[in-house]
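Visitor: As you go down the protein sequences, you meet chains A and B in turn. Sequence positions in the first sequence follow this note's numbering and run 19 to 131. Sequence positions in the second sequence follow this note's numbering and run 694 to 1576.
No lab work stands behind these hints, which were simulated from the structure alone. Mixed in with the good hints, there may be bad ones.
Pairs of lysine-lysine, DSS-like flavour, derived with a Cα cap of 25 Å [as the list claims (entries may be wrong)]:
1) A:Lys36 x A:Lys94
2) B:Lys815 x B:Lys1031
3) B:Lys755 x A:Lys36
4) A:Lys94 x B:Lys1442
5) B:Lys1336 x B:Lys1359
6) B:Lys1243 x B:Lys1359
Small disclaimer: the values here were computed from a predicted structure and weren't measured.
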Amino acid sequence: MGKTADLLPGTLDMLILKAVSLKPLHGYGVLLRIRQISRAALEIPQGSLYPALYRLEHQGLIAADWGQSDNNRRAKYYTLTTAGQRRLREETAGWNRLVSAISAALNTTSEEV
Amino acid sequence: MLARLRSLFRALASRRDFEAGMTEELRFHIEQYTEDLVRSGISLEEARRRARLEFGGIDNVKGDCREARGLLIFDELGREFHYAARQLWCNPGFTVTVALTLALSIGANTAIFSMVNALLLKNLPYAHPERMGAIYTRVTGPRGYDERHNLAGEQWELLRDNVPALISAVSTRGTSGVNLQAGSQAQYLHAARISAHYLDVLALQPTLGRNFSEDEDRPHGPKTAILSYSLWRNAFGSNPAVLGQSILLKGEPYTVIGVLPEGAATPLNADLYTALQASREGEGTGTNFEASVRLRAGATWQEADAEISRAWSLRTDRYELKDNPGAQVKYYCVPLQKAETARLRPQVLTLMLAAGLILLIACANLAGLTLVRMMRRTPEVATRLALGASRWQIQKQFWIENLLLALVGGAVGTGVGFVALRSLLLLLPEHFLPAVRVSLDGRVLAFTLAVSLLTSILFGMLPALATRQVDLRSSMSSRAIAGSGGQRLREALITGEIALTVVLLAASGLLVRTLIHLETLPPGFNPNGVMAGKASLDDARFHSPAALRKLMDESTAAMRQIPGVQNVAVGLSLPYERSLINGGLTISDSTGTGQQVETDEIYVTPGYFEALQIPVLMGRSFTERDGPDAQHVAIINQTFARKFFHGANPIGHYVGRNILIVGVVKDVPVAPGVDPGAPLTGEQSMYIPYTQADASSLPLLHGWFQPSWIVRTDGPVAGLTAQMQRALASADPNLPFSGFYSMRDLLAKTLTMQRVEVALLGAMAALALLLSAVGIFALVANIVAQSTREIGIRMALGSTVRQMMIHIARTGVGASALGLVLGLILCAGALRAMRSVLYGVGVYDALTILVVLLTLSAAALLAITLPTLKVARIDPARTLREE
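Using the sequences and the accompanying hints, generate a full structural model.
Guide: Structure below.
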């Protein structure tokens, strides 16, 4: 396993939205998918995944439905709602702005001041 | 926001599904993870352990999930309510006492508020009720008033033609009796006369046919009628063909032009309506019309008021200014709802106030009970505090228990209120309330809920404050249950509720005294052994004096033939009733000063005074010789003689147009006409022979009053009323009586308002007395329970049972006595507001106060004595053993 980073506060929601935006997933699938798309760099505390899912569902950003898992078991699948898509776009844009601003700030050399 | 509420609601509604789904989802996760771990080569045992470990505590995760859904607060509340319910269930005595107290007091409030709601808050049952109004007249000056004044014909014409902001209508005041010939059967009905746009003002459209046209409302216009739905159903078998047909009404053919919808009530509440055909002549010369208006679209009430003032300043007859020099007159519209209920408003508000006092008394009781319960639970509270519960948690628990009690009490109270309201409405005579429906609607239920919540706060507040002072160490160590502070607080509460009970008892006592005074007024005649029946002579067949004379002669003669009948007579009105007022008489005495007289005027047949046994004090009674062509004569009552002749002999004087006063009779109580005030008065009256009544005014007179046939018998006569009806039928086969009544019935009818007031306020006072007695009982019983040890020790040291009883009772007696004194002081201020509804009894009536004090003292003594008797059963030896 490579080096993992701690999640910044507030980023878990963003990652969950991203994960389910690709394909409907059950909770465990969300965990695996985030690990996969972050190239195993981000480790999500399992206990905080479900409250986050429930909160997002409560906010109407994702929707839940019971379906069949790959090994034919009943599982709850989450999909992104329209409101969720909008939120994901906003969060992504905001994140990108933040990242470029911070890296610009951090990469400043003394000559540029 | 909406999505969140929906999600919370879904989770709450299918709570079990939510929990099961969550469990299944989490288990699925752990099992999947376990499988993946096994696949990566870890043993099953180890994989399970690690999966669990990495997931964290399942219950914590579940809690977090619930919180994410907003369920946490409900779970906690649910638990608290569950705990509170168990606490209450374990103390059935306390719970039942509190719930019953609440149910009775909240029930009383619910019932009375339903009346307030129906009479003062709810709109009239018509379209756009806010656009409906009545016209008030405010007159300043020595004879000022501010009320809905009736209109004279000139005012009506100006209002109708010169106030474009309003749709205006007038009607008769109330209904009058008419005869309807339906098939072979003659019926006595209640009819009202209304102007062309009356039903437009109410926004009522006939279900069949149409409203009166302006043409039909002109004087001498075509005779038409509109039927109420119930009359159409009962008398015409709901036959739509009756429309356009002629019916025989008041002895003349009337064309039916409309039928009102089912359930449509007008403020007049008549069986049938005819066109008013108002003018400045006849009844239009006096203020005999009642106006109702509706604001036209686009107009404002300010415009309407201005137009009315302008229109009515043009009048030739400004009667408001007569005998009232320098008066200012102002006309303005008020909501029709207010005008229609003005009569009952003070009564209803008084009752609401009384109901509020009941609630306060109940709260004082409950605060006392809760306080005791809190004190008993001091060890429990101390233990919980010691175990780490916060004061807030403990307080919350108490508040939730109070809230639960209040809600249970409110629910039972709604039931009690429903039953109370039902019986209250049964108590009221028909048509007592204006066109409103009294029901437990959403607003009443909201009120009940609010009152319940308020109650829980009121009775929970003191005890909750008291527990804030629980001292951990002393409570844990000592066995003392209640502090003396709580004791003193309870005494104060009892004192307060007794004071309020004194006020309620005194108020209802004064009303009872008023009713007794009115019911036992010296009648001035012999009311026993008289049977009376009214018939409508507002009928074309009896307009001519000859026809009237024939009817009177033949019917009274036939009734005299009934075995057992002593005397028969007819009078336009009877004692206890309202009479016709004649305001235009002049006394022409020898000095020729020409006093103006306003007096009751009653036409009677010869034998009226004999039949009612009204003593003739001076001069003579009427005889058959006082015919239309003889000298016109009158007999006056004592008040008339006293007021206008000031002790001089009135006999031989003339009044009005050459009418000779030939006799003076004793006063009888009548409903006031000349001087509105007391419900029964002995105002000036003048009797005239019916044969000498002005023939041209007879039709008008009979449109307002239905004369009564009175029969005096020497004892009970079997089938008297049937024989009276047969006797009347022998004179005219198509003339029905409206019904039969004794003088006692008439008196009761006139005093309806007083009887209802006494019944309602009396019930409230009784409830207050009961609650106070329960409060005192609980106080003393608790003192006995707390002092068992002390009493045991004292008795072991030589005190007698008697001494101990007095020692215990002292507190209760002290609190009660203080309450009585406080109550009397309150009465001194509060009862003055009752002055206007009291007759024959002063506000500070010694007898009433005495009875109130005795009643309350007796109840208090009983409530103190019963629990004190327990002292005798205390066994000092056992108490000491337990020590």
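Visitor: Please flag the earlier hints that this structure goes against, numbers listed from lowest up.
Guide: Violated: hints 4, 6.
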